[in-house]
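A.B. asks: Residue numbers (UniProt numbering), protein chains in the order written: chain F, 1 to 313; chain H, 1 to 503; chain V, 1 to 290.
There's no promise every hint is true.
Unchecked claim - To be clear about the criterion: a stretch of chain V counts as covered by chain F if any three or more of its residues have a C-beta under 8 angstroms from a C-beta of chain F, and this derived list gives those stretches:
hint: 1; region: 52–66
hint: 2; region: 85–98
hint: 3; region: 121–134
hint: 4; region: 143–151
hint: 5; region: 268–277
Since the hints were made in silico from the structure, they are not lab data.
Glycine included, C-beta positions come from ideal geometry on N, C-alpha and C.
Chain by chain, the residues:
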Amino acid sequence: MKTLLLRRLAVLLPTLLLVSMMVFGLQKLLPGDPALALAGEERNPEVIEYLRQKYRFNEPIPVQYGIWLKALVHGDFGTSVRTRLPIGTMLAEKLPVTIELASLSMLVALLVGLPIGILAALGRGTPLDYGASLFGLAGLSIPHFWLGIMLILLFSVNLGWLPAGGFVPPTESIGRNLISMLMPALVLGTGTAAIMMRHVRGAMIEAMKQDYVRTARAKGVRERSIVLRHALPNALIPVVTLGTLQFGELLAGAVLTEQVFSIPGFGKMVVDGVFSRDYAVVQAVVLCTAAIFLLMSLIADIAYVLLNPRLRT
Amino acid sequence: MKRIGTALAAILMIGSGLVSASAATLRVGIQDDPDALDPALSGTYTGRFVFAALCDKLVDISPDLKIVPQLAEAWDWAADGKSVTFTLRKNVTFHDGTAFDAAAVKFNIERMKTMPDSKRKAELAPIVSVEALAADKVKFNLSEPFVPLLANLSDRAGMMVSPKAATEKAGDFAAAPVCAGPYQFVERKSRDLIRLKKYPGYWNAGTVGYDEVVYYYVPDSTVRLSRVRAGDLELAERVAPTDLKTVRDDPNLTLHSGQGLAVSHLMFNVGAGAKADTPLGKNAALRQAFELAIDRNVINRVAFNGEFLADNQMIPPSSPFYDSAHKAPTRDVAKAKALIAAAGMTRVPVELSYENSAGDARVAQIIQSMAAEAGFDVKLLPMETTTAIERYLNGNFEAYIGNWSGRADPDPTLVAFFSCAGSQNVNKYCNKDLDAILTQARGEADEAKRKALYAKATDTYLTALSSIPLYHPNWFFAARKSVGGIVMVPDGLLRLVGVKPAN
Amino acid sequence: MSTIEATPVPAPMRAGRRSEIRRLLREPSAVIGGTIIMFFVVLAVFAPWIGPYDPNTPDWMAIRAAPNAAHWFGTDDLGRDVLSRVIFGTQASLAAGLVSVTVAVLIGLPFGLIAGYFGGAADMVISRVADALLACPFLVLAIALAAFLGPSLQNAMIAIGISAIPVFVRVSRAETLVVRTEDYIAAARAQGLGHFAILTGQVLPNVLAPTIVQATLTMAIAVLAEASLAFLGLGQLPPAPSWGAMLDVARQFLSEAPWMAFWPGLAIIALVVGFNLIGDGLNSALNPRQ
């Protein structure tokens with residue numbers, strides 16, 4: 001267990017370093033000089049040259065990377081060239097928003113995916129099972145942004161029940177915060193719910209075939225109790241792993257959902273960053289997302305080992 | 001379903017109940033996240049929009065584009081036009097409590113002229129030196145007579161920041177700006193909100209109607225409007241023309257509209273590098289044919305629901321210097337074809353680049369379709385913002401849909417686009433005669449004579465057609481009826497002096 | 001080919017392709033998915049004959065017209081027929097699915113084979129790079145690449161393809177690791193076959209099945225990704241129609257012209273469902289153990 005953890009941690013850092021190098025390299029390939037975008041409508045050549053030097057856009061890429069990395073080691077993510085705000089502060093503002101969105105989406109996924117998956121497994125071959133498969137297929141196939149648009153059309157434009165977008169911080173009003181997150185979480189959670197459902201169904205079918213289920217049944221234990229006490233806990237093991245992995249995916253997948261609902265989170269920050277060539281911002285966000293993603297898969301591995309008695313040594 | 005609806009409605013009611021508790025807050029939805037909040041560095045419209053509440057200027061412009069006093073009560077031009085002396089308002093303080101005086105003006109002008117990344121250098125270029133004659137008297141010495149200076153000072157170049165704060169905070173000034181406007185800075189969450197509160201020491205404090213102003217960044221125009229309708233915001237700037245009917249039909253809202261200074265125009269590369277070597281770049285008659293092939297009214301109607309102003313000049317009709325003698329030609333496909341034939345061609349290829357915004361994308365496709373009827377094969381090349389700006393500045397385009405925010409005075413616009421060394425003359429049009437006219441006009445203090453000079457300039461650039469102006473956007477704000485005292489000014493900025501809760 | 005015939009061919013291959021196809025045809029999901037994809041292929045190929053109007057010709061007199069007898073799906077903001085644009089839009093989406101996945105397979109598969117077969121330093125480097133790429137959010141990577149390459153359908157396809165490479169590196173590497181220990185590989189090596197011959201002759205055929213399954217499922221993702229990029233203005237150049245771009249425009253007219261938003265979305269879903277169904281069917285047919 002300990003060796004596994006250590007081995008995985010040892011890989012984590014080099015991978016992150018590699019991620020940062022690739023993102024850095026990729027960004028420097030992007031056309032469009034950020035100094036020009038920053039120089040304003042008048043675009044004085046002197047100002048452009050000054051900006052290039054100030055932000056070291058002129059230096060060779062490895063040098064720029066070194067400077068960036070050195071600052072990062074000291075906990076400094078740099079400054080957004082566009083807003084001149086420290087990126088560390090921006091991350092601290094945006095990350096909770098996206099984590100809230102991802103958590104609520106995960107909640108949606110669990111509330112929808114678990115029961116449907118279990119019921120579909122128990123009623124294998126029934127219309128309910130087919131309905132569940134259909135839902136699973138739809139959840140995987142509907143583009144987030146289209147679902148978002150359709151929900152806005154229904155609940156905001158036609159019924160006027162929900163705000164069409166925007167974000168209310170929980171510090172302002174928890175109720176209105178949840179209302180503003182309702183549709184985005186629903187949209188982002190649907191795909192995950194579908195994946196959850198499929199896995200729960202599979203794991204549940206597998207679990208119901210196991211010996212202990214057969215033994216319990218032979219002993220005359222009620223079906224209800226068999227499902228809840230014996231099959232489900234075992235079926236949930238891979239689901240916990242999957243859920244942890246999916247949480248990382250949700251953080252990354254929030255990009256378009258945040259775009260459609262104008263939610264000032266990570267996804268929006270990175271897309272705006274790419275479009276305004278705010279290199280340091282893109283770099284910081286991708287690195288954070290990758291770190292969270294890798295951390296989540298590490299946790300998933302650990303959870304898998306811990307929950308699986310056979311693997312525990 | 002019905003029960004869910006009732007429950008939701010109940011939640012929403014609770015939500016809105018919480019809102020109305022903080023009654024003296026003005027919540028404004030803005031389309032872009034402003035860039036650096038320092039008048040010397042700012043380069044965005046929404047930045048100026050926020051400054052209108054935060055930073056007073058030496059002078060202001062009125063709805064009819066006249067220069068009116070703000071921090072300066074009066075000004076006096078020297079007879080030779082080479083200096084101007086301002087009499088400053090007394091008892092004005094910055095948000096940090098320090099006094100506004102002639103020394104502060106001198107500091108500010110020098111700061112904007114010397115700060116390495118200042119974007120105000122061009123606007124203040126004619127100023128050679130600033131003399132603080134007395135606490136309330138300051139003299140600007142100019143290198144040449146420069147009438148448009150006052151118009152420049154009515155924007156960011158004339159905004160006064162606290163010298164103490166600017167010196168102490170230096171590079172971090174933009175994170176917490178200190179000015180002398182009706183509201184002072186509280187906090188900023190990037191890509192989210194900017195919060196200001198009433199400055200009790202404001203020189204005109206009686207006109208400040210709210211305790212707090214919050215600017216929310218809501219990029220989507222439809223979302224902005226829906227939040228005003230829901231009562232989440234009191235005002236939304238730049239409502240999309242297609243949404244105006246909704247505003248007009250809503251009994252809780254008022255539509256505030258006004259003519260703007262901005263212009264959208266089709267620039268042809270006539271002299272910048274290899275891309276100028278095209279039939280349209282080399283032949284003014286073909287550009288004339290192009291103008292005849294398009295119908296500005298169709299562009300306005302289809303792309304903007306007819307809510308903008310179809311026009312053929314860079315200077316908008318709201319300006320006293322607009323030349324009403326040069327009317328936009330009506331569409332004439334036959335004549336356009338004849339001109340193409342006269343140039344010895346049948347099909348004329350051209351590549352049209354533009355920044356991929358909703359409006360420009362529509363305009364580009366409409367132009368493509370109309371021009372095709374006359375014989376122009378327009379290839380569309382949409383680009384995301386940063387790439388578009390780079391290509392634009394380098395003159396790396398055959399044709400480009402330019403969007404210029406406009407200025408209160410015609411000089412900056414015309415000089416920038418049509419003088420040989422103009423900062424926006426990226427398509428490299430050059431005519432020494434026009435340069436002479438423009439230089440003469442900026443030194444001409446007599447308004448009638450100045451107007452005649454600009455009429456001559458208009459005639460020149462409309463003949464060369466290095467650029468075909470298409471339309472002027474109008475400003476549309478949607479505000480709740482509860483907001484009173486909104487006055488629209490052509491610069492499209494929301495002045496908060498006098499804006500207060502109605503009834 | 002003859003050398004390959006001469007060497008012992010692994011057991012799964014011996015079962016023959018015919019039985020696999022028969023198994024596939026017995027999978028209802030594969031049949032339905034295949035039918036959907038065929039439908040879209042027909043739409044794409046015969047669009048000029050099926051589409052009632054030219055998809056790019058505006059009609060200034062019919063701006064945002066609601067669905068009616070002349071325009072079944074209504075018209076868009078420039079008065080173009082939405083039905084025709086949806087039909088012609090199939091071309092961009094199908095191309096995006098096929099081309100980007102082909103790019104990803106052509107690059108990812110060889111690297112995966114090499115990493116799995118040779119192991120050691122090569123595996124180390126390839127796997128780390130693939131891990132790093134996988135840790136970056138797929139769409140963000142695609143957006144950045146597409147922004148770098150400039151907006152066009154071709155570049156969007158390349159960007160998506162590159163972003164999907166690590167998936168195929170992983171799949172083929174994992175499968176190669178399994179195959180490498182099989183007896184027939186040792187036998188082939190004993191016969192004196194070179195690495196290249198073994199890789200292409202023995203390993204590749206066994207890696208192919210899971211790769212095909214993965215490729216089909218990735219096509220579904222690629223279609224969604226292309227729509228997403230187009231939605232952000234990084235896809236097909238106007239005026240040529242693309243479903244994602246149509247949705248981007250439609251979003252501005254949700255209250256006045258909801259039909260503009262409805263149909264392109266439905267088309268995306270149908271196509272993605274098609275690829276997902278085939279993928280599921282292939283998975284059941286080719287990997288019967290699961």
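A.B. asks: Checking each numbered hint in turn, tell me which of them this model violates, lowest number first.
C.D. replies: 1, 2
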